[in-house]
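Engineer: Chains A and B supply the protein sequences, listed in that same order. Here UniProt numbering is used: position 15 in the first sequence is 15, and no number is missing along the way. Here UniProt numbering is used: position 49 in the second sequence is 49, and no number is missing along the way.
Incorrect hints may appear among the rest.
Ranges between beta-carbon positions, derived for each pair [to be verified]:
hint: 1; chain 1: B; residue 1: S464; chain 2: A; residue 2: A14; range: 36 to 44 angstroms
hint: 2; chain 1: A; residue 1: A14; chain 2: B; residue 2: M706; range: 43 to 51 angstroms
hint: 3; chain 1: A; residue 1: K31; chain 2: B; residue 2: D405; range: 26 to 34 angstroms
hint: 4; chain 1: B; residue 1: E631; chain 2: A; residue 2: K45; range: 53 to 61 angstroms
hint: 5; chain 1: A; residue 1: K45; chain 2: B; residue 2: A542; range: 21 to 29 angstroms
hint: 6; chain 1: A; residue 1: A14; chain 2: B; residue 2: K465; range: 22 to 30 angstroms
Below are the DMTMM-like pairs computed for lysine to aspartate or glutamate, each with C-alpha atoms no more than 20 angstroms apart in a straight line [unchecked claim]:
hint: 7; chain 1: A; residue 1: K45; chain 2: A; residue 2: E112
hint: 8; chain 1: B; residue 1: K593; chain 2: B; residue 2: E655
hint: 9; chain 1: B; residue 1: K275; chain 2: A; residue 2: E124
hint: 10; chain 1: B; residue 1: K597; chain 2: B; residue 2: D501
hint: 11; chain 1: A; residue 1: K17; chain 2: B; residue 2: E366
hint: 12; chain 1: A; residue 1: K116; chain 2: B; residue 2: D378
hint: 13; chain 1: B; residue 1: K262; chain 2: A; residue 2: E110
hint: 14; chain 1: A; residue 1: K8; chain 2: B; residue 2: D378
hint: 15; chain 1: B; residue 1: K597; chain 2: B; residue 2: D615
hint: 16; chain 1: B; residue 1: K645; chain 2: B; residue 2: E625
hint: 17; chain 1: A; residue 1: K17; chain 2: B; residue 2: D501
hint: 18; chain 1: B; residue 1: K563; chain 2: B; residue 2: D615
hint: 19; chain 1: B; residue 1: K237; chain 2: A; residue 2: E23
hint: 20; chain 1: B; residue 1: K272; chain 2: A; residue 2: D109
hint: 21; chain 1: B; residue 1: K465; chain 2: B; residue 2: D361
hint: 22; chain 1: B; residue 1: K586; chain 2: B; residue 2: D501
Stretch by stretch, here's where chain A covers chain B in the computed footprint (C-beta under 8 angstroms, at least three residues) [stated by the list, open to error]:
hint: 23; segment: 268-275
hint: 24; segment: 300-313
hint: 25; segment: 375-387
Keep in mind that the hints were calculated from the coordinates and are not lab data. If you're wondering where the values come from, they're calculated on a predicted model, not measured in any experiment. Every residue, glycine too, gets a C-beta built ideally from N, C-alpha and C.
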Amino acid sequence: MTKRIQGKHIKHTANIKPRTQTEQISTFLIKSQTPYVSAIKKISKQLSKFEHSTGVKKYSQYKQVSYITVKGMGKSIEKTLSVGLYFQERYNVDIHTGTVEVLDEFQQDEDESVYKKRLVSSVELKIWLKKE
Amino acid sequence: MSNPNINRKKARLYNSRNIRAQSTDPSLDSKEKLSVPTFLASRQFEIKSFELSQLNSKNALSTRIFQSLPRSLRRRAASHNVKRIPKRLRVRAVREMSATGPVKRMPKGRQLYKIQSAKRLLRVAGRLKSMKQIPEFKSVNIRQQYKLLSKQLKELVENKKLPQVNNAVGSRDVVGINKLTNAPSGNIKYFKRQRDFVWLPTHIWHAKRFKMIKNHGYQIPHTPTQKCFKSMSRQGKTKAIAFDTSYYGTMIINIPDKQSYKNVLHDLIRTKSTKVVNGEKSYYGWIYMNSQQIYQGYVYSSLANGQIIIRVFPSVYKKLFKHFKENVNCTIQDCRFALGSIELTGPAALSSLSKMLHLHDSKTIEIWKQLTSVQDTDLIPIGTTFTFDSQDPRIFKSFKMYKSDTTNIYDVIISLQSTQLVDPSIVNQICQSESRNNSYKDQLTNKDIGKFHANLTSQPKDISKSHIPALVSKLARQKWMIILPWHWILPFWLTLAKIRDVKPGGIQQIYQLNFENGVGSFPQDFPWLEDGWIYNDINGQANLFKASKLPKSQVTLAAAESKVSDVFDAYKCDWHSLRNITYIQKLKNLPEKLESKTNYASFEGLERNITSTHDLIQVVRSLKEEIVDSEPVIELYDETNPNHKQFHDNSSTIESIPAIVRSKLPVRQVRVTLIGEGTISNNARVYSDKDACDVNVIGFVTSGGMNLRQGAFTGIGAIVAQEFSSQIYIRNVGQTKLYLGKLELV
Numbered sequence: 001m002t003k004r005i006q007g008k009h010i011k012h013t014a015n016i017k018p019r020t021q022t023e024q025i026s027t028f029l030i031k032s033q034t035p036y037v038s039a040i041k042k043i044s045k046q047l048s049k050f051e052h053s054t055g056v057k058k059y060s061q062y063k064q065v066s067y068i069t070v071k072g073m074g075k076s077i078e079k080t081l082s083v084g085l086y087f088q089e090r091y092n093v094d095i096h097t098g099t100v101e102v103l104d105e106f107q108q109d110e111d112e113s114v115y116k117k118r119l120v121s122s123v124e125l126k127i128w129l130k131k132e
Numbered sequence: 001m002s003n004p005n006i007n008r009k010k011a012r013l014y015n016s017r018n019i020r021a022q023s024t025d026p027s028l029d030s031k032e033k034l035s036v037p038t039f040l041a042s043r044q045f046e047i048k049s050f051e052l053s054q055l056n057s058k059n060a061l062s063t064r065i066f067q068s069l070p071r072s073l074r075r076r077a078a079s080h081n082v083k084r085i086p087k088r089l090r091v092r093a094v095r096e097m098s099a100t101g102p103v104k105r106m107p108k109g110r111q112l113y114k115i116q117s118a119k120r121l122l123r124v125a126g127r128l129k130s131m132k133q134i135p136e137f138k139s140v141n142i143r144q145q146y147k148l149l150s151k152q153l154k155e156l157v158e159n160k161k162l163p164q165v166n167n168a169v170g171s172r173d174v175v176g177i178n179k180l181t182n183a184p185s186g187n188i189k190y191f192k193r194q195r196d197f198v199w200l201p202t203h204i205w206h207a208k209r210f211k212m213i214k215n216h217g218y219q220i221p222h223t224p225t226q227k228c229f230k231s232m233s234r235q236g237k238t239k240a241i242a243f244d245t246s247y248y249g250t251m252i253i254n255i256p257d258k259q260s261y262k263n264v265l266h267d268l269i270r271t272k273s274t275k276v277v278n279g280e281k282s283y284y285g286w287i288y289m290n291s292q293q294i295y296q297g298y299v300y301s302s303l304a305n306g307q308i309i310i311r312v313f314p315s316v317y318k319k320l321f322k323h324f325k326e327n328v329n330c331t332i333q334d335c336r337f338a339l340g341s342i343e344l345t346g347p348a349a350l351s352s353l354s355k356m357l358h359l360h361d362s363k364t365i366e367i368w369k370q371l372t373s374v375q376d377t378d379l380i381p382i383g384t385t386f387t388f389d390s391q392d393p394r395i396f397k398s399f400k401m402y403k404s405d406t407t408n409i410y411d412v413i414i415s416l417q418s419t420q421l422v423d424p425s426i427v428n429q430i431c432q433s434e435s436r437n438n439s440y441k442d443q444l445t446n447k448d449i450g451k452f453h454a455n456l457t458s459q460p461k462d463i464s465k466s467h468i469p470a471l472v473s474k475l476a477r478q479k480w481m482i483i484l485p486w487h488w489i490l491p492f493w494l495t496l497a498k499i500r501d502v503k504p505g506g507i508q509q510i511y512q513l514n515f516e517n518g519v520g521s522f523p524q525d526f527p528w529l530e531d532g533w534i535y536n537d538i539n540g541q542a543n544l545f546k547a548s549k550l551p552k553s554q555v556t557l558a559a560a561e562s563k564v565s566d567v568f569d570a571y572k573c574d575w576h577s578l579r580n581i582t583y584i585q586k587l588k589n590l591p592e593k594l595e596s597k598t599n600y601a602s603f604e605g606l607e608r609n610i611t612s613t614h615d616l617i618q619v620v621r622s623l624k625e626e627i628v629d630s631e632p633v634i635e636l637y638d639e640t641n642p643n644h645k646q647f648h649d650n651s652s653t654i655e656s657i658p659a660i661v662r663s664k665l666p667v668r669q670v671r672v673t674l675i676g677e678g679t680i681s682n683n684a685r686v687y688s689d690k691d692a693c694d695v696n697v698i699g700f701v702t703s704g705g706m707n708l709r710q711g712a713f714t715g716i717g718a719i720v721a722q723e724f725s726s727q728i729y730i731r732n733v734g735q736t737k738l739y740l741g742k743l744e745l746v
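Same shape as in the complex, but just chain A:
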């Protein structure tokens, strides 16, 4: 066991790359606090918005997007996979496993912080759209 570092633990997000508008609207991130049903509902809504070529609420990125990405890491991998299983009944779902690097900050006082890098397993789903 490694020794615990003293200080207030600040977990930094792993999403630090700037995302394009298209990426923003076609990606769904699952956190440990995300309720399962809300995730299902939100993803279904996103799917239906990209599936229909007409209608009031249509994204202008309709043509660029062919799948919705769902990401989860660490504790939320299980939830992400069960979301994937739910959508597998109606859609083609690809599952990719991977690792992401995150940064932990241990704030000791106003000036001093100790940083530590950590690797976390991750999973990424691609839910392929059924276009009209």
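Given chain A, put chain B in place with the hints provided.
Structural biologist: The following block gives chain B in isolation, referenced to the frame of chain A:
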């Protein structure tokens, strides 16, 4: 005879409204049975023609092509200036214009004379400016001013005077040493308009696109003329919003003695961080004057140079300046019109900032490059400060783009702790009047820039001679600021405004973003500070004045409020009455339980006996009329203050009614959110109980409204510093309905 044009227009409208329909219906031809396919076909035809007519009538009456443009592409002068219309529509616009264009009336007589004399004056002033002289302005009429300038020009030509400024644009450093300086006079054409309220460097740009307000001696951009409530919220969530905050005043304090420097800095910001004192980090937080919080401002301390840069809101500036002048042995530079600043908020703030900065080589450039490639999150520590030696942004046609690097960003973040990012010599350049002036040396005119861009073979390095000192700091989460010499703000702003991720905002948008993030805005959300107190008072007076202009048929807010509350003023947050009603319940000789029914008044000496709630409220009402306080009657709750602690534990008592009037009420800032449905507006009352009785009021909402980030109504306010359950009730002014909400300390 009627006008044929109107007839034609009417005819067009009538035609567009016609919906074509089938006169005969073939599906019903055979009397026995309905032919379904033909029936469907005719209904389809009807729906189509109905939709077509909707489209037709929408555009039927439009006579000009720009009427089909969305709001964001329309321009004020588009009706008579084709250049204000997108190129693809210009041909048609020219045709429409020549058909109906107005006949221009030429000025005559006195009007013509006035224009001509103004033009003559401008010509002389322009000549002086191009000869690097400062034209003398006086509040006289045009003819006298013309004489004055001609004399100046004549003397100049005869005596061969040295240039007064180092550029042909008229930029120079205006600074007051140990005294407040006069406002810059600006260009002679607009001299009179900025005498009382100073124009920001970007004033003309903003005046075309924003509603401006005159406040604190400045013309401040208030809000864009186009509606933007939702779009700004979205922009703040995913991209960036830029603000010209040059109206914030900057002063620079110089104290050579190290020990007294540290003492002054400690009195000012009370930080223990050695990094802030040494100038490795900047400070953004409460600023103290005579041990009292006055404002949340920006401080950068450069111990090596013995200089402190302080940037505060203009309403606080003068008293802080006076305080330093009278109490501290130091040299103070009044840099209100020598240094300007731009603020950027949003996740794309950092990357947008980097796109506008074309830097001369320096050691920190590598780190800057790598940092700007990430989305701005909490990763970069607050207070991170860079200094740069920048070039004139106007000479570059494209934005500065850094290629993404393979270096691990986390390593860069870790190395930030031990890397020196600030160059003290550049800080010194910002702090010295002489070097700020030097940065304006041979500042390019628009003409020079135009000539340079017209020549296709020219390279930026051919004319890039300027070295502009810049200080860049991260103030808070997703909030960056750049400090530049005053006359460099405009070129940088113009570049920034062209970057795709950036939208410009006014002071109203600063308030909106603060509100959405659950942070209070100065001064309105800090009523215990002098500025907040004055704001609340003035706002109340303005609301009262507005109500007095209402027609008699309409119910005023005060009348509606009087049905629910007997004590509180409807037009503002009535802290005065809240203080009285809170303390009167702590009177020593108050009976254990008050009667709830109305009774006749009984007096003991001059004071009324309090036996019922009715008595209590009547006494508070009588107190309201007696005294008007000029300074805040509330103060921020302080745990270390024993009186506050006693008040908080509900163990304090009050001797008599006159003692109430002398005491201050401790309050705490809170965030409120509605749990169910309902609305929150400014000045809403916060109750501790479902019973909307005046004695149950525990505070007010200083700013409330729809919070788009949370998708619910929220508010920021203050409550009496005592223990309450997190469940509270909120009532808007003039309404009887109470909404359930929850409370959260800020």
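Engineer: Hint by hint, say whether it matches the structure.
Structural biologist: Evaluated hints:
no. : hint                               : result
1   : B:S464 - A:A14: 36 to 44 angstroms : 40 angstroms, holds
2   : A:A14 - B:M706: 43 to 51 angstroms : 32 angstroms, violated
3   : A:K31 - B:D405: 26 to 34 angstroms : 29 angstroms, holds
4   : B:E631 - A:K45: 53 to 61 angstroms : 54 angstroms, holds
5   : A:K45 - B:A542: 21 to 29 angstroms : 45 angstroms, violated
6   : A:A14 - B:K465: 22 to 30 angstroms : 45 angstroms, violated
7   : A:K45 - A:E112                     : 45 angstroms, violated
8   : B:K593 - B:E655                    : 18 angstroms, holds
9   : B:K275 - A:E124                    : 41 angstroms, violated
10  : B:K597 - B:D501                    : 63 angstroms, violated
11  : A:K17 - B:E366                     : 18 angstroms, holds
12  : A:K116 - B:D378                    : 15 angstroms, holds
13  : B:K262 - A:E110                    : 18 angstroms, holds
14  : A:K8 - B:D378                      : 15 angstroms, holds
15  : B:K597 - B:D615                    : 10 angstroms, holds
16  : B:K645 - B:E625                    : 30 angstroms, violated
17  : A:K17 - B:D501                     : 15 angstroms, holds
18  : B:K563 - B:D615                    : 18 angstroms, holds
19  : B:K237 - A:E23                     : 15 angstroms, holds
20  : B:K272 - A:D109                    : 10 angstroms, holds
21  : B:K465 - B:D361                    : 14 angstroms, holds
22  : B:K586 - B:D501                    : 56 angstroms, violated
23  : 268-275                            : holds (count 5)
24  : 300-313                            : violated (count 0)
25  : 375-387                            : holds (count 5)
Comparing the model with each numbered hint stated earlier shows that hints 2, 5, 6, 7, 9, 10, 16, 22, 24 do not hold.
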